[in-house]
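**Q** Each chain, written out:
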Amino acid sequence: MSEILRCEHLHKDFGSKQALVDVSLTVESGKIIGLLGPNGAGKTTLIKLINGLLTPTTGKLYIESQEPGINTKPKVSYLPDVNYLNNWMSVEDIIKMFADFYEDFRPDLAFEMINRLGIDRKDRLKNLSKGNKEKVCLILVMSRSAKLYVLDEPIAGVDPATRDYIISTIINNYNPEASVLISTHLISDIESVLDEVIFIKDGRIVMHDTVDHIREEHGKSVDDLFREVFKW
Amino acid sequence: MEWSLDKKRPICPQICEKICILVATGSIGAGEKLASVREVALSAGVTPNTVQRSFEQLEQKGVIYSRRGSGWYVNEDIRVARETMRELVNSKTNAYLSDMHSLGLNNDDIINVIKEYQHE
Chain H
3 MSEILRCEHL HKDFGSKQAL VDVSLTVESG KIIGLLGPNG AGKTTLIKLI NGLLTPTTGK
63 LYIESQEPGI NTKPKVSYLP DVNYLNNWMS VEDIIKMFAD FYEDFRPDLA FEMINRLGID
123 RKDRLKNLSK GNKEKVCLIL VMSRSAKLYV LDEPIAGVDP ATRDYIISTI INNYNPEASV
183 LISTHLISDI ESVLDEVIFI KDGRIVMHDT VDHIREEHGK SVDDLFREVF KW
Chain W
156 MEWSLDKKRP ICPQICEKIC ILVATGSIGA GEKLASVREV ALSAGVTPNT VQRSFEQLEQ
216 KGVIYSRRGS GWYVNEDIRV ARETMRELVN SKTNAYLSDM HSLGLNNDDI INVIKEYQHE
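Residue numbers (the numbering used here), protein chains in the order written: chain H, 3 to 234; chain W, 156 to 275.
Each hint can be trusted.
Chain W regions said to be covered by chain H (calculated; three or more residues, Cβ under 8 Å):
hint: 1; stretch: 164-178
hint: 2; stretch: 184-197
hint: 3; stretch: 200-209
Source of the hints: derived by calculation from the structure; they are not laboratory data.
Even for Gly, the Cβ is constructed at its ideal location relative to N, Cα and C.
Using the sequences and the hints, build the whole thing.
**A** Right, here's the structure in full:
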């Protein structure tokens, strides 16, 4: 097991607002990790720091010992929480674009998953249902051979069958050399598929533990514990 | 197969129990090959790491063993799985009995309830 991600005393301020406060954590390879917290806790800010879309106010962050930049781009595969693809493009065009864009992208794998879903590769993105669009986005992200997959809210707003599909895609693409970081506030749907959970509240990490250890220690599901920790 | 995992309990021991039940009841025969870690992970909806850890614990207990490059197999000797099954039956019976005791029934009443229930 090797270290994929390390954060050391990260702070991120937006003006006078502190979005992240003294965040330190390490993520090892071969893990599926949940980044859990209510809206506005700082999940997306942390994810954007990992992707190099934001820079920390103070503190350091390393992906396989390198600070985010050109060298870490091939290592991180990122699913943003908003649709960023051109709606007029066909599924096929987007897959080809990704193959051009990312050296580690495997179009064969992407087409195979698209076929299995029964999505027509000639379909334009704008003609797909919300659920199918989310599936296509996930397939694109999971078809790369990255070290760290960062999925920002992949299961928000989809039906239970789509959610199951997303979860099984994550398990199916499991690779002991890589890790998956999933941010969500829908914990009960996803907790059994997680190795570890990170609770984040008001920009601070309040807990980082394994799912089984939490259940053993507290005698309750991660979801129940979450509701307790984040009670109003 | 239906996994129906309890969300309040750690996942690893639950996977171990399920495999022991399958072995003790003969659903997976002695010496037979188990599904792969990934297949079990997919059907149970849990992470492959948890399944791997469960299999390793079952190996330590002597329920299954791994063959290099080939996968996991059930031991010829299935006594440990049967023992686990017996413990499960005991603990579930205990839970049932204490539920019934709290409803004011004694053991004889409970036996009658079970007999009548069967006759229904």
